[in-house]
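Each chain is listed here by its residues.
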Amino acid sequence: MLIAVLLGFVFAPLWNLLGRWIKGSFSWLPALLPAGLFLYFASLYPVTQNGPLLTSTPWIPSMGVNLDFRLDGLSLLFALLITGIGTGVFIYASYYLKGHRHLDRFFAYISFFMASMLGVVLADNLLLLIIFWELTSISSYFLIGFDHEAAKSRRNALQALVITGLGGFLLLAGFVLIGTVAESFSIAQLLGTAGSLQNHPLYGWMLALVCAGAFTKSAQFPFHFWLPGAMAAPTPVSAYLHSATMVKAGVYLLARFTPMLGGTDYWQYTLISFGGITMLYSAFHAMHRKDLKEILAYSTVAALGMLVFLLGIGTQQALLAAGVFILTHALYKATLFLVAGMLDHETGTRHIEKLRGLRKVMWPVAIAGGIAALSSAGVPLTYGFIGKDLIYDATLKAINWPWVLTAVALVTNILVLYAGFQAGIRPFTGPLPDHHRTLHLPNARLWLPACVLALLCLAFGILPALTNGLAGAVASAIANTPVDAHLAIWHGFNTVLALSGLTLLAGFLLYGWFAPPEGKLQQRWEHLSPESLYRKAGQGFTWFAGKYTRLLHNGNLRSYVFSIITFIILLLGTKILTGVHLYFDRRAVVGGLRLYDVVIFVVTLAAIWKSISTNSRITAVASLGVVGYCICLLFVIYSAPDLAMTQFTIDTLTVVLFVLVLFRLPRFLRINDKLWQDGILAALFGGLISLIALGALNEPTTKETSEFYAENAYLLAKGKNIVNVMLVDFRGFDTMIEITVLSIAALGVYSLMKLRISSDNKE
Amino acid sequence: MKSIILKTASTYLLPLLLLFAVFILLRGHYNPGGGFVGGLIASIAFVLHAFAHGLVETKKMLRFVPSACIPVGLAISLISGFVPMAIGRPFMSGEWLSVQVPIIGSIGTPLFFDIGVFLVVIGITLTILFTISDGIL
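Chains as they are written, first to last, in the working numbering: chain A, 1 to 763; chain B, 1 to 137.
Read the hints as simulated data drawn from the structure, not as lab findings. There could be a bad hint or two in this list.
As the list claims (entries may be wrong) - Computed cross-link-like contacts, SDA-like style, restricted to lysine to any residue with a CA-CA straight-line distance of at most 25 Å:
| hint | chain 1 | residue 1 | chain 2 | residue 2 |
| --- | --- | --- | --- | --- |
| 1 | A | 718 | B | 87 |
| 2 | A | 720 | B | 15 |
| 3 | A | 290 | A | 269 |
| 4 | B | 7 | A | 662 |
| 5 | B | 60 | B | 15 |
| 6 | A | 720 | A | 636 |
| 7 | B | 60 | B | 97 |
| 8 | A | 754 | B | 91 |
| 9 | A | 754 | B | 74 |
| 10 | A | 98 | A | 10 |
| 11 | A | 718 | B | 3 |
| 12 | A | 720 | B | 131 |
| 13 | B | 60 | A | 98 |
| 14 | A | 98 | A | 172 |
| 15 | A | 718 | B | 7 |
Everything numeric in this text was worked out from a predicted model, so none of it was measured.
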């Protein structure tokens, strides 16, 4: 199973290397990858009927992170969707993006995404899961921004990344919390002790953080707006990521955590209210949109809301309904997206009022779209009907307020029916405009995947018992107890059937009588929508960063030094005044003073006086050099020859460097204004450091470290110069990194200076 | 600053200073010295030459851009760290040959590591100084 997950990562760069062939006549080649994986996962179906399949490969055993994968009903359903719909999308894209100059890159991104998504649904370790989770966000960013020359797609890609990235961050915090409390990151172990987290005092935080991750990923209100924005991606991407797979990752997460976090009042209220608001809000929005992909995007958000809502209800019927609805929705929504993509590809527009009567020129597309729309409406003999039945069954048997929940589900279903018909049926009915008469049926690689998916909607709808095993396994995996599924078309005359009929009737009436008004309503409320709030937050942040930078990073070196030193004085000063007891031994300070110490001291003082009293920069720099040399002499006297030698050369080079820099500065400038301010600061800082140094003299120093080096320098490293042995042997790794950092600094100086010189040349 | 005395002196001082730098580099393991100081002294030698003869002359004499020393030095240091791994010791553990070479002393991976540091320091110092003094000297 590890290989199955990693295969996509292996092949992603390969597609790029094989770019020439993929852009040529071998564009079908990448589709073999998801197809092969689909067959592999399908062949594992009988195994999972007897319980989850677990594999483990050591990775970072010291941290308890291993490449653990589990395949149970829930994972299997998602794995089959990812690879199955993936196959269709790969084939579809090979023609949809035919001749695109980055087709190879597209396949690389989408293979990468597929592998990450498989990782999310198969991971049995929370930390592993979060890694794949973030990888899906990143690959989604690349796919939304695939048309990277359009500003809109770049902006929407970033928006999606920010929202899902924020969620991922919170989710990581949640996982760490859960892992720490439960002392295990393994999902298998967490499932084994399911029920213990709900009573923990930090349960509220866990729930909030996990929900934040799931809601951002699955586009729940108020984070829903990135999903319609993500429609800037090429249609195959929308069909794959933003309807069938990635956006369901949040749903997957909630389903996975149902046994561990679910079953409480908090869980129910949070999920039901977020899901309920999301589905009503976005189904209502879907009704008012006229762009095919926008309609589909909002109805997808509604479906995601429905799934969260069902998981929130949490009864066995609801979990079964959620499992079936995941499959139902993936089948019909992917079909509708593929159909929308074909219409866009052939006619060049996605506006529903311009698309009419197209059944006459592309009948297989019309059939696929029609079946999918009927399935989304829940017409009998389609799989959507089964899904809808189960949803009503679940809401009617909910523990709290069954009728309220049923009403919410009913309204959403009616509106979703309307949206589905607008996208799947309306473009094909009515008279064909003249300018569309020249259209012809697109290549089979475009319409075949949509037709296969549509036929599956129909086949499962006529023979729902085919999916009994899978649906049961999914519900069992979510509920963590065995659940049997008995899907059937006919349950006799009951409330559920009446509700289904009511949905269809109301939906048909709405489709017949209601036309979406010109978007005045939207414009009026636009400034309050979550999307514009998000944008304003972004602008505010940029504004704040600008102000902040201008305040602290003003380009005046003197003010940098001033604020840094002031900060250090405040930090050290408060610490010394409040916490540290200082004791000075006067004899240690004055005693043992020799003549050359005094001479060096006097020379240093004179040099310092010269450097602050002079008006010439060169003199100041040279005086500072003298101060440096005096310190070198101190090192020599107090037997630190290595230090003295290095300091001596460094000081020489610093003076040279300073002089060279001075050549580039304006010549006449008062350098000793603000004398008092600088003087006070310098005196404070110097005094503080002297205090600390004197205090340090009296501390009993531990000699262990120096003794270790003195004893072992020759024994272990065969050197007699301890300083050098430390540099090249004991702490050699530090030196390695230091010279690397120095090299980067040199490159930085080089590029900065050369940049300036070349811009001078331009002038 | 093109004084004839400085010019003549620096012509003789350059090889002497370079020799001294190598001497400091090699004695580092037993006596004060090492790659870092050695590299600084060697850079000072070249800087002195540039002050006396002008940057163009020094660059002409060097025949290669000083920044080329940086990757070469880094590579030598890094490889010297990897060599012990070839015989199954951990990364960057010091390995010495048993033979003593006259003048240089014993040869081991820390010596090559130090030579790498020496080259990197020369490369960095000269790159920074030459870049900044471009057009001045």
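Verification of the hints:
no. : hint             : in the structure
1   : A:718 with B:87  : holds, 19 Å
2   : A:720 with B:15  : violated, 28 Å
3   : A:290 with A:269 : violated, 34 Å
4   : B:7 with A:662   : holds, 24 Å
5   : B:60 with B:15   : holds, 16 Å
6   : A:720 with A:636 : holds, 19 Å
7   : B:60 with B:97   : violated, 39 Å
8   : A:754 with B:91  : violated, 37 Å
9   : A:754 with B:74  : holds, 23 Å
10  : A:98 with A:10   : holds, 23 Å
11  : A:718 with B:3   : violated, 47 Å
12  : A:720 with B:131 : violated, 38 Å
13  : B:60 with A:98   : violated, 55 Å
14  : A:98 with A:172  : violated, 39 Å
15  : A:718 with B:7   : violated, 43 Å
Of the numbered hints stated above, those contradicted by the structure are hints 2, 3, 7, 8, 11, 12, 13, 14 and 15, listed in ascending order.
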